[in-house]
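Asker: The whole structure should be built from the sequences, with the hints applied where relevant.
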Amino acid sequence: KELGCRTTHCNLEVVHRSTLVFLATKPHILPGVLEEIRPAVGPHHIVVSLVAGITIQTLQRLLPPWTKVLRIMPNLPCVVQAGAMVFSRGSNAGDEEAALLKSLLSSCGLCEEVPESYIDIHTGLSGSGVAYVYLFAEALAEGAVKMGMPGALASRIAAQTLLGAAKMLLETGEHPAKLRGDVCTPGGTTIYALHQLEKGALRATVMDAVEAATNRACDMAKD
1 KELGCRTTHC
11 NLEVVHRSTL
21 VFLATKPHIL
31 PGVLEEIRPA
41 VGPHHIVVSL
51 VAGITIQTLQ
61 RLLPPWTKVL
71 RIMPNLPCVV
81 QAGAMVFSRG
91 SNAGDEEAAL
101 LKSLLSSCGL
111 CEEVPESYID
121 IHTGLSGSGV
131 AYVYLFAEAL
141 AEGAVKMGMP
151 GALASRIAAQ
161 TLLGAAKMLL
171 ETGEHPAKLR
181 GDVCTPGGTT
191 IYALHQLEKG
201 ALRATVMDAV
211 EAATNRACDM
221 AKD
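Sequence positions in the sequence shown follow the numbering used here and run 1 to 223.
Think of the hints as simulated: they come from the structure by calculation, not from any bench.
In this text, all values refer to a predicted model and were calculated from it rather than measured experimentally.
A couple of the hints might just be wrong.
To be verified - Ranges between beta-carbon positions, derived for each pair: (1) Lys146 <-> Ala177: 22 to 30 angstroms; (2) Leu110 <-> Cys5: 19 to 27 angstroms; (3) Met149 <-> Gly181: 24 to 32 angstroms; (4) Asp95 <-> Arg216: 53 to 61 angstroms; (5) Pro115 <-> His16: 28 to 36 angstroms; (6) Arg6 <-> Leu179: 45 to 53 angstroms.
Claimed, not checked - Cut-off 25 angstroms, straight-line C-alpha distance, at most; resulting in silico cross-link-like pairs (BS3-like, lysine-lysine): (7) Lys167 <-> Lys178; (8) Lys146 <-> Lys199; (9) Lys26 <-> Lys222; (10) Lys178 <-> Lys199; (11) Lys146 <-> Lys26; (12) Lys102 <-> Lys167.
Backbone N, C-alpha and C define an ideal beta-carbon position, used for all residues, glycine too.
Answerer: Below you can see the structure in the form of structure tokens.
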């Protein structure tokens, strides 16, 4: 209300007053919501689902046959306009609807159209991946604390290190291995540190984490 938006607790009112309708419920609640709004959904509506594990096929089955359906998967940094989002469209959603959604969501970060099969992979890579990065940032800072640096300072530097590394990846377009190699000098500190990370199987563990989260997202779609 402070932003001048009309608010309501009635799902039907949202559909009646909107053209672009976002679905953002828990997966087990969504079928009941779709049953409620189905009579009000017309050919002019664009329905966008953010619900994990609910496929476009399921959405189209539970909504009128003419409904323009799109499915999107965001991640948490959208709240600071630095998100990574992917979306797919159903059979009735055309280029106009896709362009509208991409234009709208690009203000929240990177937004790419992909085949629907990539959405669960994106969940493992980026949706859950944010938590992997937070864990790494925490460990990075705690290593500095162990060596005598104050915690608050270590956390700020760890966050800036991740931000700077990500910015270089995006702006240079270089492969991560190339940039990693650029930091290493023969017999220097970085190669010694990387040796420890490789001994701890960091690379394989992260790959396993992405696989586990992706498989869980796929399982949710089957439930």
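Asker: Sort out whether Lys222 lies within 25 angstroms of Lys26, counting only the CA atoms.
Answerer: With a Cα-Cα distance of about 15 angstroms, the restraint between Lys26 and Lys222 holds, given a limit of 25 angstroms.
Asker: Does the Cβ-Cβ separation between Asp95 and Arg216 fall within 53 to 61 angstroms?
Answerer: violated (33 angstroms)
Asker: Need the status of pair Lys146, Lys199: alpha-carbon distance at most 25 angstroms?
Answerer: holds (20 angstroms)
Asker: Given the hinted pair Lys102 and Lys167, is their Cα-Cα distance within 25 angstroms?
Answerer: At roughly 22 angstroms apart (the allowed maximum being 25 angstroms), Lys167 and Lys102 satisfy the hint.
Asker: Starting from the range 19 to 27 angstroms, see whether the pair Leu110 and Cys5 falls in it by beta-carbon distance.
Answerer: Since Leu110 and Cys5 have Cβ atoms about 25 angstroms apart, the given range 19 to 27 angstroms holds.
Asker: Do the Cβ positions of Met149 and Gly181 conform to the proposed distance bound of 24 to 32 angstroms?
Answerer: 27 angstroms Cβ-Cβ, so the 24 to 32 angstroms window holds.
Asker: Is the hinted pair Lys167 and Lys178 satisfied, with a Cα-Cα distance of at most 25 angstroms?
Answerer: holds (15 angstroms)
Asker: When you check the alpha-carbon spacing of Lys146 and Lys26, does it fall within 25 angstroms?
Answerer: violated (41 angstroms)
Asker: Quickly compare the C-alpha distance for Lys178 and Lys199 to 25 angstroms and report which way the hint goes.
Answerer: Answer holds: Lys178 to Lys199 is near 20 angstroms, not above 25 angstroms.
Asker: Is it true that the C-beta distance of Lys146 to Ala177 lies inside 22 to 30 angstroms, as the hint says?
Answerer: Between Lys146 and Ala177, where Cβ atoms are some 28 angstroms apart, the hint holds.
Asker: For the hint 28 to 36 angstroms, verify it against the beta carbon of Pro115 and that of His16.
Answerer: At roughly 33 angstroms between Cβ atoms, His16 and Pro115 fall inside 28 to 36 angstroms, so the hint holds.
Asker: Okay, Arg6 versus Leu179 on CB: inside 45 to 53 angstroms?
Answerer: Hint holds: Cβ distance 48 angstroms, inside 45 to 53 angstroms.
Checked against the numbered hints above, the structure violates hints 4 and 11; every other hint is satisfied.
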